[in-house]
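> Letter 53 of the sequence shown, counting from 1, is numbered 53 in this note's numbering, and no numbers are missing.
The reader is advised that the hints may include incorrect statements.
For lysine to any residue, the following SDA-like pairs were computed, each having C-alpha atoms within a straight-line distance of at most 20 Å [as the list claims (entries may be wrong)]: (1) Lys246 with His193; (2) Lys120 with Val228; (3) Lys214 with Gly127; (4) Lys56 with Glu147; (5) Lys175 with Tyr103; (6) Lys98 with Lys176; (7) Lys111 with Lys98; (8) Lys3 with Ser35; (9) Lys154 with Ala88; (10) Lys176 with Gly160; (11) Lys55 with Val42; (12) Lys117 with Glu171; (13) Lys111 with Gly160; (14) Lys154 with Glu171; (15) Lys245 with Glu171; (16) Lys120 with Lys154; (17) Lys188 with Gln172; (18) Lys137 with Lys154; (19) Lys154 with Glu168; (20) Lys245 with Ile212; (21) Lys159 with Val228; (22) Lys175 with Lys3; (23) Lys55 with Thr141; (24) Lys159 with Ala88; (25) Lys176 with Glu100; (26) Lys154 with Glu74; (27) Lys159 with Leu201.
For each label pair, taking beta carbons as the anchor points, the in silico distance ranges come out as [claimed, not checked]: (28) Tyr128 with Arg215: 16 to 22 Å; (29) His179 with Gly153: 21 to 27 Å; (30) Arg46 with Ser195: 47 to 53 Å; (31) Val213 with Ile174: 22 to 28 Å; (32) Glu186 with Thr72: 32 to 38 Å; (33) Arg46 with Lys159: 30 to 36 Å; (34) Glu43 with Thr166: 20 to 26 Å; (35) Met1 with His193: 52 to 58 Å.
Since the hints were derived computationally from the structure, they do not count as laboratory data. Everything numeric in this text was worked out from a predicted model, so none of it was measured. Virtual Cβ for every residue (Gly too), placed ideally from N, Cα, C.
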Amino acid sequence: MNKLSVIIIAGNEERNIRDCLKSASFADEIIVVDSFSTDKTVEIAREYTPKVYQKKWEGYAVQKRYSLEMATHEWVMSLDADERITPALKDEILGLMKNEPQYDGYYIPRKTYFNGKWIKSCGWYPGYQLRLFRKSKTTVTTRLVHEGFEVDGKTGRMKGDIDHFTHESIEQTIKKINHYSSLEAEEKWQRKHVSGLSIILHPIAAFFNHYIVKRGITDGVEGLMISVFHAMTNLMTYMKMYERKKNGKQ
Numbered sequence: 001m002n003k004l005s006v007i008i009i010a011g012n013e014e015r016n017i018r019d020c021l022k023s024a025s026f027a028d029e030i031i032v033v034d035s036f037s038t039d040k041t042v043e044i045a046r047e048y049t050p051k052v053y054q055k056k057w058e059g060y061a062v063q064k065r066y067s068l069e070m071a072t073h074e075w076v077m078s079l080d081a082d083e084r085i086t087p088a089l090k091d092e093i094l095g096l097m098k099n100e101p102q103y104d105g106y107y108i109p110r111k112t113y114f115n116g117k118w119i120k121s122c123g124w125y126p127g128y129q130l131r132l133f134r135k136s137k138t139t140v141t142t143r144l145v146h147e148g149f150e151v152d153g154k155t156g157r158m159k160g161d162i163d164h165f166t167h168e169s170i171e172q173t174i175k176k177i178n179h180y181s182s183l184e185a186e187e188k189w190q191r192k193h194v195s196g197l198s199i200i201l202h203p204i205a206a207f208f209n210h211y212i213v214k215r216g217i218t219d220g221v222e223g224l225m226i227s228v229f230h231a232m233t234n235l236m237t238y239m240k241m242y243e244r245k246k247n248g249k250q
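Please model the complete structure; the sequences and the hints are all you need to start from.
Structure (structure tokens):
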């Protein structure tokens, strides 16, 4: 039977980490890489695994690469602190581990909840994520934002879901928008044209895409809010890109 390592990066996640770790407790090894949390994240994590490492925050890709390096088994699953492995996915993973898996990596559907509601629109579901893979076949991409894993081999899809609880409050979501828009602006500002018109048009296009094209309208008020947040992210990103160009920031 193949053995499984679950890797998790965390930073001030005391609100989420316990349920995340509980859902992964079937794994042969759990590795938590913590970026020197100031809350009880580390204390809680050590209740579930002795393999808790602290590493100064150097970006998502660096933290995930380090967590992958710490895994001692060939099969690895990456999980975020605000995610949970559902019982159906657990059973599916255990079934794979009992045999020789057909693929080198597996994309897993993710159910994202917003205000307690499972969002099926806005391009959020199934939102397949490459999360289960052979360590020897996998590398971590180095983008500032939307970092991820790449498998040098064949990949397949699983049926069981990851549950994703991304929204704590409006205030917290706006903080995330500010953070991610800064990363996006840093990554794009030198290769994208920015004008006053693009600052107006990109947020409008983002709202239309998520609310109408991706049918956010079918998820009620939550779909509307999510579409507005996508527009806000674009607005903040392009304003920050314009600011960088104006200031000639390197």
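> Determine for every hint whether it applies to the structure shown.
Hint check:
1. Lys246 with His193: holds, 12 Å
2. Lys120 with Val228: holds, 16 Å
3. Lys214 with Gly127: Holds, at roughly 12 Å.
4. Lys56 with Glu147: Roughly 18 Å separates the two Cα atoms, so the pair holds.
5. Lys175 with Tyr103: violated, 38 Å
6. Lys98 with Lys176: Given that 20 Å is the threshold and the Cα spacing comes to 39 Å, the pair is violated.
7. Lys111 with Lys98: violated, 26 Å
8. Lys3 with Ser35: Given that 20 Å is the threshold and the Cα spacing comes to 27 Å, the pair is violated.
9. Lys154 with Ala88: Distance ~23 Å between Lys154 and Ala88 Cα, so the pair is violated.
10. Lys176 with Gly160: violated, 28 Å
11. Lys55 with Val42: holds, 12 Å
12. Lys117 with Glu171: holds, 18 Å
13. Lys111 with Gly160: holds, 10 Å
14. Lys154 with Glu171: violated, 41 Å
15. Lys245 with Glu171: The given pair, whose Cα atoms are some 29 Å apart, is violated under the 20 Å limit.
16. Lys120 with Lys154: violated, 28 Å
17. Lys188 with Gln172: violated, 24 Å
18. Lys137 with Lys154: Given pair Lys137, Lys154 holds - Cα atoms ~10 Å apart, limit 20 Å.
19. Lys154 with Glu168: Cα-Cα ~36 Å, so violated.
20. Lys245 with Ile212: violated, 32 Å
21. Lys159 with Val228: violated, 30 Å
22. Lys175 with Lys3: Given that 20 Å is the threshold and the Cα spacing comes to 38 Å, the pair is violated.
23. Lys55 with Thr141: Distance of about 19 Å is within 20 Å: holds.
24. Lys159 with Ala88: Cα-Cα ~8 Å, so holds.
25. Lys176 with Glu100: violated, 40 Å
26. Lys154 with Glu74: holds, 16 Å
27. Lys159 with Leu201: Distance ~38 Å between Lys159 and Leu201 Cα, so the pair is violated.
28. Tyr128 with Arg215: 16 to 22 Å: holds, 18 Å
29. His179 with Gly153: 21 to 27 Å: About 33 Å separates the Cβ atoms of His179 and Gly153, which means 21 to 27 Å is violated.
30. Arg46 with Ser195: 47 to 53 Å: holds, 52 Å
31. Val213 with Ile174: 22 to 28 Å: holds, 24 Å
32. Glu186 with Thr72: 32 to 38 Å: holds, 34 Å
33. Arg46 with Lys159: 30 to 36 Å: Distance hint for Arg46, Lys159 holds at roughly 33 Å.
34. Glu43 with Thr166: 20 to 26 Å: holds, 24 Å
35. Met1 with His193: 52 to 58 Å: Roughly 54 Å apart at Cβ, these two residues keep to the hinted range, so it holds.
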